[in-house]
Structures are given as structure tokens and as C-alpha cells.
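Participant: Sequences and hints are given; from them, build the entire structure.
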Amino acid sequence: MERSLKGDRHAFETLLVKYERPVYNAAYRMLHNPDDARDVTQTVFLKVYEHLDQYDPARRFFSWVYRITLNESINWLKKSSRQATLEQDTADQGSGPRQQAGQAQIGEGIQAALMTIKSEYRAVIVLKHVLGCSYSEISEVLDIPVKKVKSRLYTARQLLQERLTEQGLH
Amino acid sequence: MAIDPKYVELINADIDGEISSADRAAFEAFIADSPEAQALHAELSAVHASLDSLPELDSPPHLKHTIMASIPEQNEGARSTPGAFLQTLFAAPALRYTAVFAAGSVLTLSLVSSDIVSQGAFDDMTGLVGTISDQIPQGPSIQTTPIESKDIAGTVTLHSSGPILIVDFDLVSSGPVDIVASYVDKKVWFNGFAQLESPGVSVSAESGRITMQIDGKRRYALYLHNAGDRDITIHLQFTSNGEAVYDTDIEYVQPGHSG
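Protein sequences appear in the order of chains A and B. Here the first sequence is numbered in our numbering, starting from 7 and rising by one per residue. Here the second sequence is numbered in our numbering, starting from 337 and rising by one per residue.
Keep in mind the hints are simulated off the structure, nothing from the lab. Cβ coordinates follow ideal geometry from the N, Cα and C atoms, glycine included. Worth double-checking, as some hints may not be accurate.
To be verified - Chain B stretches covered by chain A per the calculated footprint, using a threshold of three residues with CB under 8 Å from any CB of chain A: (1) 344 to 355; (2) 372 to 385; (3) 388 to 396.
Facilitator: Right, here's the structure in full:
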């Protein structure tokens, strides 16, 4: 970490190896598009490299990286106005026989349901279930109190439960 | 009957494995006597399990290399230089070609000697300075060819704009790679080469043969003058350390000739 802060490319590559996959997965779950997730992942690491001198060592590195990831994903959604389209797409998919055939489609159904909730709720779900963060870690990444983390998670899950029921997946 | 918010929080904490030992006894006593709480616990547990079942995805091949090739070569001193900043802009996928070129001065146009470049071709080239994105048609490309090998990856896309054929290279290499674009039609000539200002890219051209060398992530365009709107096949040969690592053909067929 210290070597990366000094601009050591090899050290930065080590960080990249460690965080590339979780960052890509988080971006994908936020965006539901592999090309967008790839582009956001690239942007995240370029920003990390460019702003390493602004990293506060008092905070844990992952929380900084994940925060950039979620912010970039949300910015991407805003810029590309994909969210409205995705919401329409997922609403169109609805329930039906296709949704009930196989684990892969169940996964798609869950992802589709995820895309129907607000990005602030999706972010806590991604942090908890994709990145495996605890309440306190989510609090650190999003810079919100733990109590708010809990309430957002609860609301997000209730919304997802409704969507999954509508899709016949629960 | 609504469940006391305190116990809703404990139900969530239990599902998330974050319930404290101090709260556990109270939680278990409550849920044992509350069918509503049991139902909520079951519903939320099912959602939790569904979300945990989402598969972990592999990141795209070459992504790490693409990122590494995009960051400045030097340490933090380089990070603050305009060149490093522009290089990062170039790498930022959201900006792509258009935004970068809109910055104007970041573009350099490399005209290289060719034994058959005409004055007319030069006139065309001056119009391309700083407006490459405009010169690449916004409509569908004629052909996009993926390049995939351990030494080089990316895409080569062919566009047409009037008499100009534009070969748009978006590539990343793991080291120096020579690219030879060759074609046999003597009435199609090399019209120019455009790239971002960046080290490690060179180009030379002779009749029917254009040689480029890249190292790292690069995006650039070759311009071919095809005044007669002729069908043309361009052979691309990629070489690393003297060994052929990939080759492919891209083809332009004038409208009405295909099929």
C-alpha cells in the first residue's frame, strides 16, 4: 500500500490483482451490463491510481476502493440514463415460465429484481451480499451510521422480496 | 399485528450473523412466541439466501492488463503532469474518442512519407486534424474484428466515409507488437494516420504496406483513400519478437457487391 502511494506500478498491480474481481462484480451487480461494468472497473482503478495521494490511511483501503466503485457505478447510471431503461426491461420480463427454468435464470431474475430498486438500496445489497461487508464496514464505505445501514438493508430486502414474489421466484 | 421495530432489527441481525450474544436470548424468546416474527424471519432469510446465491463472476480477460497499460509509466511526479492526465483521459472508457478529441490539442496527426500520397490526399488529411471522431461515421461500422491472443487483444473496426476507409484500432498489447496492414490494390493508397500523443507508437508506409508498432494500450486510426470505391481486402499481421502472433483479414465490399 505504502509503495503504491509512492507511485510504484508493481505495488499498484498487486492491489489491482486483489481488488479487480470484487470491483468488477460490484459494478456488474450495480449496472447489470458486462461492458459497463468493465468500463467502470477500469475507471475506478484509474481514479484510485490518480488519487492515491488523497487516500486517507486512517481508513481501510477497501472501503475507499468500494466507495469509488459505487459512486462511479451510480454516476454511470445517471449519465447513461440506463436505470429507466433497465427498470422497463425488467418490468417487461415479469413472471412466466422462462423465469422458473434453471438456476441461471433464477440468478437473472434476482439480478433483474435488484435493478428495480433505487441505487442507494442496491448499493447496500451489493456491499453485503457481493462484497461480504459487515454492517460497520458498509457504514464506513457509505459514510452513514450503522443504524441507517440496517434500515436500508431491511427496506432493500423487503422491496426485493416483493419483486421476487411478483416474478414467481419466491 | 406489527412487529416491534426493535425485534425487526434483531431478525435482520440474526439473518446477517450480526446479532450480539446479549441480544440473542431476548430475540429467541420473542420469536418463539410470535408467528408474525417467524414469518418475517423466513421471508427475509429466503431473500438473503437468494442474494447469496448470485454467482461470483470472472472479470473480463485482459482487463488487468488494460488497466496497467493505461496508467502512467512513472511515479507520482508523472501523475500530476498534463501528459499523464491526458493519458488517463484517453484511458477513461466513458470519454472514449470523442471527448478526448474534443479537447483539441491532445491530438497529433502523423503524416508519414508514402510514395503514392497525392496532393489531394493531403488536402483530405488537413480536414482530419482534430476531428477524427467526426470522420468516423456514427452509424454501424462495416466490420468489427476481435483480436485475441496472449500478446495483443482488442478490436479493429472498419468504417467508410466517402472515399476514405478508416481502420480504427483499439488494442492493448503486453509488449511491443508490430502490425503490418497490407493490401494489393495499387489504386488504394495510404492517406494518413492519427493517434493520441503517446510514446511507443510508430508508423511507416510504403505502397500497399503500412507497418505500425505499438506497446501497451493504444487507439488510433489508419486512413486509406479508396477513390474508386473498390472492393479491398486488408491483411493484418501481428508480430511479437519476430514471431507471428495473430493474423486476420478485414474486407471492404462496395455497396451492391455483397451477397
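Participant: Work down the list of hints and note, for each, if the structure agrees.
Facilitator: Structure-based check of all given hints:
no.	hint	verdict
1	344 to 355	holds (count 6)
2	372 to 385	holds (count 5)
3	388 to 396	holds (count 9)
Consistency note: the structure conflicts with none of the earlier hints.
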